[in-house]
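S.K.: Sequence:
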Amino acid sequence: MFSYVFGSASTYFYLPIEEDEDLLDDDFMPPNTKHISWVPADATDTSPPPSSAAGPSKPRERPPHAHAKTRAVINDILSQDDCYAVLGISQSARIDKLTLRRAYLARSRACHPDKFPDNPEATRAFQKVSVAYDILSKPSSKRMYDSRSTKVPFDFFASRSCQAEETFRGVVIGVINDMLDGDMEMIRTLLFAVNNMNPSLQLGEEGINSVLTTIEAIRTRALTCRTCLFALHHQVTRLLEIQRAFRQLSYFDLRRRSYLTIQLARLAINMPIALEEALRQQRMQDEAEAEAEADNDGRKDQTQLLNRRVYTLLRGIVSVLERMEGLVKK
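Residue numbers (the numbering used here): 49 to 378.
These aren't lab readings, by the way, just hints derived from the structure by calculation.
27 Å max Cα-Cα, derived DSSO-like pairs, lysine-lysine:
| # | residue 1 | residue 2 |
| --- | --- | --- |
| 1 | LYS117 | LYS163 |
| 2 | LYS145 | LYS163 |
| 3 | LYS145 | LYS186 |
| 4 | LYS145 | LYS190 |
Model, not experiment: these values are computed from the prediction.
Using the sequences plus the hints, can you model the full thing?
M.R.: Rendered as structure tokens:
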């Protein structure tokens, strides 16, 4: 199956990734930012910077039905006095880690304080979801909870120190750790295949190692950066959905397995791009009041996490994988 995809893809895809020697200048690098870099042999750059110099983009307006749906989820969470109902799952003697994580991320996404900074109800709902997850994710506390009298409503905030942000960080980092421990060799194999069918990438083993190092660096960023952690929320949710789909597949369903494998690799490679864009947006928002100074210091086009070459390279690989997905899905 993969040989068919790679052979077909090589007929359609040609992604020239070229670099400019002038960009090797240290002035391109933001101060106090460790960049992951990679330099292909014999390169010149004509690609635009990873973002527009027109200034910070305005947040995209959410459609009215999306607001109504989010409000309904928050109200549902606040109205529940049962841990299973708060997470939106059925009570069971055994709940696997994947199911709990999926439920937690889905519910917390609708009420995370970073998404609704001025909504105390969303913050309270986020805390309830975190308490429910903490209780049901530990066998001892789950047994105690399941053995209680169901006639007494459970008080989520009575004599309990709520560490909602720590719970959120733990779940996101846990999903990333599982990906780094279990999927990196598969991603490496796909990258070699992409390199073979796109010689213009000039990727090579050094470039592949640089991409893998970039993916591994997201763990450290998520541990130390609140903006990065929230930016990964959607990414890790999708990652769990792909893992769940894998579990439901027949071993002999090679086409679907190939499709999900490519999807997983694309998602992993897109994570550093998502972090880069979130950090750039945050920087532009922070500098909105000092826009004149930002113009004067000449750093409007700087990146926050990635060397520009790596950013361009990752986007090229994601584009190839998207088209490969289309071929396998047909």
